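Chemist: Listed below are the residues making up each chain.
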Amino acid sequence: MSIFKALTTGFKLTWKYKRIVVLLYMLTFVLSACIAFPLKNLIEVTVGKSLMIKDLVKGVDYQFFNDFNNTYGLGLIPVFDQSITVLMLFFLLFVFFSGGVISVFINDHPESYKKFFWRKGAHFFFRFCRLAFYFSIIHLSLLGMFFLVFYLSINGEMQNEGTISFALKVISPFYYLAAVLIFMWQDYSKVFLVKSDKTWIFQSMFPALKFIKSNFLKVYGLYLLNMLFWFVLIYLNFRITLLIKFTSGSAILLAFLISQVFVLSRLSLKLINLGSVVDLYSQK
Amino acid sequence: MSIFDIMKLITTLLFVFICFCLSATAQDKRFKTALSKRTANYDISLVLNTELKEVDAKQQLTFKNPSDDTIWSMPFHMYYNAFKNNKTTFFTEASGIMSRKSQEDIIEGTWSWIKIYEIVDEAGNDLIDSLIYISPDDGNIDDQTVLYLKLKNPVLPYQTYKIDMKWKSRIPKSGIRTGYNRNYYFMVQWFPKLGVYEPAGSRFANKGQWNCHQYHANTEYFGEFGVYNVEMIVPEDYIVAASGFLVKEEERGSQKSYTYLAEDVIDFAWTANPDFIEVVEEWEGIEIKLLVMPEHECNKDRFFKAAKHTLSFFEDYIEKYPYPTLTIVSPPYYGLFSGAMEYPTLFTAPTLCIMPPNIRTTETLTMHELTHQYFMQMLSTNEQEEAWMDEGFTAFFEAKMMDIYYPEGVFFFDYLNINLGSQEFRRGRFFAADNIKIGPMSDFGWKFRHGGHREIVYGKAAIMLKTLEGLVGELCMQDIIQTYFQRWKFNHPCRQDFIDVVNEVVPRYHNKFGNDMNWFLDQAIYGTEECDYSVKSVSNSKLTEKLGFFKNTDNPVLPSEKSAEILYESKAVLYRNGEFIVPQDVKIVFDNGDVIIEFWDGKSRSHDFTYKGNRKIVSVEIDPYMKIPLDKNLINNSYTLKPDATGIWRIFTAFMTWIQGIMVTMSTLV
Ligand SMILES: [Zn+2]
Numbered sequence: 001m002s003i004f005k006a007l008t009t010g011f012k013l014t015w016k017y018k019r020i021v022v023l024l025y026m027l028t029f030v031l032s033a034c035i036a037f038p039l040k041n042l043i044e045v046t047v048g049k050s051l052m053i054k055d056l057v058k059g060v061d062y063q064f065f066n067d068f069n070n071t072y073g074l075g076l077i078p079v080f081d082q083s084i085t086v087l088m089l090f091f092l093l094f095v096f097f098s099g100g101v102i103s104v105f106i107n108d109h110p111e112s113y114k115k116f117f118w119r120k121g122a123h124f125f126f127r128f129c130r131l132a133f134y135f136s137i138i139h140l141s142l143l144g145m146f147f148l149v150f151y152l153s154i155n156g157e158m159q160n161e162g163t164i165s166f167a168l169k170v171i172s173p174f175y176y177l178a179a180v181l182i183f184m185w186q187d188y189s190k191v192f193l194v195k196s197d198k199t200w201i202f203q204s205m206f207p208a209l210k211f212i213k214s215n216f217l218k219v220y221g222l223y224l225l226n227m228l229f230w231f232v233l234i235y236l237n238f239r240i241t242l243l244i245k246f247t248s249g250s251a252i253l254l255a256f257l258i259s260q261v262f263v264l265s266r267l268s269l270k271l272i273n274l275g276s277v278v279d280l281y282s283q284k
Numbered sequence: 285m286s287i288f289d290i291m292k293l294i295t296t297l298l299f300v301f302i303c304f305c306l307s308a309t310a311q312d313k314r315f316k317t318a319l320s321k322r323t324a325n326y327d328i329s330l331v332l333n334t335e336l337k338e339v340d341a342k343q344q345l346t347f348k349n350p351s352d353d354t355i356w357s358m359p360f361h362m363y364y365n366a367f368k369n370n371k372t373t374f375f376t377e378a379s380g381i382m383s384r385k386s387q388e389d390i391i392e393g394t395w396s397w398i399k400i401y402e403i404v405d406e407a408g409n410d411l412i413d414s415l416i417y418i419s420p421d422d423g424n425i426d427d428q429t430v431l432y433l434k435l436k437n438p439v440l441p442y443q444t445y446k447i448d449m450k451w452k453s454r455i456p457k458s459g460i461r462t463g464y465n466r467n468y469y470f471m472v473q474w475f476p477k478l479g480v481y482e483p484a485g486s487r488f489a490n491k492g493q494w495n496c497h498q499y500h501a502n503t504e505y506f507g508e509f510g511v512y513n514v515e516m517i518v519p520e521d522y523i524v525a526a527s528g529f530l531v532k533e534e535e536r537g538s539q540k541s542y543t544y545l546a547e548d549v550i551d552f553a554w555t556a557n558p559d560f561i562e563v564v565e566e567w568e569g570i571e572i573k574l575l576v577m578p579e580h581e582c583n584k585d586r587f588f589k590a591a592k593h594t595l596s597f598f599e600d601y602i603e604k605y606p607y608p609t610l611t612i613v614s615p616p617y618y619g620l621f622s623g624a625m626e627y628p629t630l631f632t633a634p635t636l637c638i639m640p641p642n643i644r645t646t647e648t649l650t651m652h653e654l655t656h657q658y659f660m661q662m663l664s665t666n667e668q669e670e671a672w673m674d675e676g677f678t679a680f681f682e683a684k685m686m687d688i689y690y691p692e693g694v695f696f697f698d699y700l701n702i703n704l705g706s707q708e709f710r711r712g713r714f715f716a717a718d719n720i721k722i723g724p725m726s727d728f729g730w731k732f733r734h735g736g737h738r739e740i741v742y743g744k745a746a747i748m749l750k751t752l753e754g755l756v757g758e759l760c761m762q763d764i765i766q767t768y769f770q771r772w773k774f775n776h777p778c779r780q781d782f783i784d785v786v787n788e789v790v791p792r793y794h795n796k797f798g799n800d801m802n803w804f805l806d807q808a809i810y811g812t813e814e815c816d817y818s819v820k821s822v823s824n825s826k827l828t829e830k831l832g833f834f835k836n837t838d839n840p841v842l843p844s845e846k847s848a849e850i851l852y853e854s855k856a857v858l859y860r861n862g863e864f865i866v867p868q869d870v871k872i873v874f875d876n877g878d879v880i881i882e883f884w885d886g887k888s889r890s891h892d893f894t895y896k897g898n899r900k901i902v903s904v905e906i907d908p909y910m911k912i913p914l915d916k917n918l919i920n921n922s923y924t925l926k927p928d929a930t931g932i933w934r935i936f937t938a939f940m941t942w943i944q945g946i947m948v949t950m951s952t953l954v
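Here the protein sequences come in this chain order: A and B.
The opening residue of the first sequence carries number 1 in the numbering used here; numbering runs sequentially from there.
The opening residue of the second sequence carries number 285 in the numbering used here; numbering runs sequentially from there.
Bound-form chain A, shown alone (with noise of 0.2 Å):
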């Protein structure tokens, strides 16, 4: 069960190493809460004594929202340009991290991985960039191709609408599953990389598509399974935060702590994830 063994260890692995996750949310906490601040202070300074603003505690109130970007929305543009800023630093953060991530679970050594781990973000982030760069353009093609299937098969006289969503329902799971698979050559191909250490990022991409075809059943599957906790995690947490009432500051709390618990989760299951293939490459 070569499956399991590889999930376990990402487990293992993850625990482990769960300074390294810590680090991770504590990243996506502060850089969140730095862009959540101006908003947070844009709306007290200009309507904070506005009795309207108890009424948010419930959610949405169109009103407000409307007679605030009438009046104020100007102010929402600095704020939206930081998040995407914020957000572009994020991701390369993330590159660094990974490089650093995938040497440590290769390595395995606990005693030493901190200097390791920061030594070898460092070693490959501009191969790691230029991985997410390649990929990112094959996820667009695939995207594309995708589109254009979905574009031909609704095209010319259409019957009526509903062929469209017959399309896209007949159309995503295969775009799905194929979306998997790109996604899991990516996470092949840094393990590839960090292992033989090569200038060019096609000496690993290949042979990690080589290695991902002779062992397809058990690679894939593994992905899959990943894929499916990531969505079941999606999915709990849109249900729990359905179950609460907001009414008061202790339920926003409570929410907004449910919440973290996802993220942090979530990133958990991201270094299993890599903790599992880095297992499943190792057992070739």
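Calculated directly from the structure, the hints in this document are not laboratory data.
Treat the numbers as computed from the prediction; the structure is a model and nothing was measured.
A hint or two may mislead.
Heads up, simulated DSSO-like pairs for lysine-lysine below, C-alpha to C-alpha not over 27 Å straight-line [unchecked claim]:
| no. | chain 1 | residue 1 | chain 2 | residue 2 |
| --- | --- | --- | --- | --- |
| 1 | B | Lys911 | B | Lys796 |
| 2 | B | Lys721 | B | Lys926 |
| 3 | A | Lys54 | B | Lys911 |
| 4 | A | Lys49 | B | Lys900 |
| 5 | B | Lys540 | B | Lys342 |
| 6 | A | Lys58 | B | Lys855 |
| 7 | A | Lys40 | B | Lys916 |
| 8 | A | Lys54 | A | Lys245 |
| 9 | B | Lys532 | A | Lys49 |
| 10 | A | Lys18 | A | Lys195 |
| 11 | B | Lys911 | A | Lys58 |
| 12 | B | Lys826 | B | Lys721 |
| 13 | A | Lys245 | B | Lys532 |
| 14 | B | Lys592 | B | Lys773 |
| 15 | A | Lys49 | B | Lys871 |
| 16 | B | Lys532 | B | Lys450 |
| 17 | A | Lys18 | A | Lys114 |
| 18 | A | Lys49 | B | Lys887 |
| 19 | B | Lys450 | B | Lys434 |
| 20 | A | Lys40 | B | Lys926 |
Since the structure of chain A is provided, determine the placement of chain B with the ligand on it from the hints.
Modeler: Coordinates of chain B with the ligand only, in the frame set by chain A:
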């Protein structure tokens, strides 16, 4: 008598009975007494050629002169000519319309038109040479949407006059509001329709005159009340629905003829499509017919439910819908050009089965278009000159009904507790417009050359009426609408007629607004200014005792030693930020629990309420009962010294969580 004879007799009796029933039903549906003056009456027989996309028709117009004028001319709306070339008034006004016309049609020169090729008066005079196209609105010589007929014999005062004509038209493909696409036909503005004769004193007429405007991009139609008897001959597999009710259905070889009778209506619309499914329900003797595509049948109950709610609402609010039938046409997706449009006893309302039930456009459109049966079908205001008088009233009632019957909102979603009410949505869309001051509601539709027509005639008008209701109260508002309706139903009121009713009814309920409501209505109807009141500040400062030298004191007054209770001067300062003036209730809450409702006439630019005593003001709220949705910014209407930041924390945490969610999702791409 053999068993066969008995069977034969029964069959015959049954047949006679069915025929009787059918004719009796058709007979029953006719009004025993006319509801309107029936000024312009039409007998039309037409053949729809689905190969050539043409209509060939014979038409008799019976016109009753409603005045003591002698009339020498008749103008006709020839609205299919709006699609005759690319320089018509319609095409020049409607930006983006050209893109709807296919390149193939442009290259092949396929344009639409309508022309009269035979016309005689009742004395047998051939009038074909007495026809000329005119452009009363803009003088555009390329526009042929108004045809002017110079009569050889005049129409004498209060006399009836008949005109017979034969005409032919080419149906536009996916035109705006009317036309065909594939085998769906939606036929409105499709026949030579007489203008409205306005005797001196009616609407804005100083002397007897015709009201007949060109076809504009922003506006549609205005018509005279009458009876329409229309025979439509279509290919046999086509399903037809029309204004009024079916009186005859006949097979004619490969064709089928449907004859519809519509009484006391201002227009006649019809539709044909072989793919329609017909679903019929009944509500208090009214036959509600839904023509829907098979792929949209899933939503049929949504239409019926909304339609019945609307009928029931107006039965209580004004009076019962008087017509025997109501037809809802839900077009296929390729017939969306016919949009959500209203015609006498028939309207269109698109729907989609892929639309989730928490988006209530099907209901909103049904309620809106059905409301038009009251506002501009029965109360026949001039849509071209005063669109707000139908769209504004309709939007006002649509929002009111939606909020009553669908309290979850027009869009609702459990996550973040989204419940978007119809009234707030209407208001929000208006205030989010590019320029809410672009023109007064009283402008003709085509005067809005730089946009904003919809925002003003739907949004501003609906919010103005809601504000009027807020000011005068719901009971008084209902009285206004009822009086207005009873006085003007099956007639052509204009804004002044409505204003007169308001000014007559309101003083019966209130004496606080003066002799009339013109101070409000003038600003709202003829003005373009915006309304915004705000609470600028709230302060509570300790009252200090007299210290120092005063008149008649030789020694300075020193601080007293007794520990008197602390007194405050509490002050709330209010601003009028906009030019629109409206009186305001102001709610003032004190720290000891006292609540005072003050009245401010709202006229000065700033105003304060000041109190002295041992209590301090905690919060101030302008318009606490939300009577004035016309106020542009409701957030600044209140001010509290004890702000509760929990709501802001809710936004903060939600926003933070979303950003984190995006980050985690982005991490999959690395
Ligand atoms: Zn409307």
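Chemist: Against each hint, give a clear statement of whether it holds in the structure.
Modeler: Hint by hint, here is what the structure shows:
1. Note on Lys911 of chain B and Lys796 of chain B: the hinted pairing holds, with a Cα-Cα distance of about 16 Å set against a maximum of 27 Å.
2. Distance check on the hinted pair: Lys721 of chain B and Lys926 of chain B sit about 36 Å apart at the alpha-carbon level, beyond 27 Å; violated.
3. Of the supplied pair hints, the one linking Lys54 of chain A and Lys911 of chain B holds, its CA atoms being roughly 20 Å apart against a limit of 27 Å.
4. Under the criterion of a C-alpha separation no larger than 27 Å, the hint pairing Lys49 of chain A with Lys900 of chain B is consistent with the structure, at around 16 Å.
5. Taken as a hint, the Lys540 of chain B and Lys342 of chain B pair is honoured in the structure, with Cα atoms around 17 Å apart against an allowance of 27 Å.
6. Proposed proximity of Lys58 of chain A and Lys855 of chain B is contradicted: the alpha carbons are some 31 Å apart, above 27 Å.
7. Proposed proximity of Lys40 of chain A and Lys916 of chain B is supported: the alpha carbons are some 23 Å apart, at most 27 Å.
8. Distance hint between Lys54 of chain A and Lys245 of chain A is fulfilled; the C-alpha atoms sit about 15 Å from each other, no more than 27 Å.
9. For a cut-off of 27 Å, the pair hint linking Lys532 of chain B to Lys49 of chain A is broken: about 69 Å separates their Cα positions.
10. For the hint pairing Lys18 of chain A with Lys195 of chain A, the CA-to-CA distance comes to about 22 Å; that is within 27 Å, so the pair holds.
11. Restraint check for Lys911 of chain B and Lys58 of chain A: satisfied, since their Cα atoms lie roughly 23 Å apart, inside the 27 Å limit.
12. Of the supplied pair hints, the one linking Lys826 of chain B and Lys721 of chain B is violated, its CA atoms being roughly 44 Å apart against a limit of 27 Å.
13. Taking the CA atoms of Lys245 of chain A and Lys532 of chain B, the gap is about 60 Å. The hint is violated against a cut of 27 Å.
14. At most 27 Å may separate the alpha-carbon atoms for a hinted pair to count; Lys592 of chain B and Lys773 of chain B meet this at roughly 22 Å.
15. Note on Lys49 of chain A and Lys871 of chain B: the hinted pairing holds, with a Cα-Cα distance of about 15 Å set against a maximum of 27 Å.
16. Distance restraint check for Lys532 of chain B and Lys450 of chain B: the Cα-Cα separation of roughly 22 Å lies within the 27 Å cut-off, and the hinted pair is therefore satisfied.
17. Proposed proximity of Lys18 of chain A and Lys114 of chain A is supported: the alpha carbons are some 12 Å apart, at most 27 Å.
18. For a cut-off of 27 Å, the pair hint linking Lys49 of chain A to Lys887 of chain B stands: about 25 Å separates their Cα positions.
19. Restraint check for Lys450 of chain B and Lys434 of chain B: the C-alpha separation of about 17 Å stays at or below 27 Å, so the hint holds.
20. Taking the CA atoms of Lys40 of chain A and Lys926 of chain B, the gap is near 17 Å; set against the 27 Å cutoff, the hint holds.
This entry does not satisfy hints 2, 6, 9, 12 and 13, going by the numbered hints stated previously.
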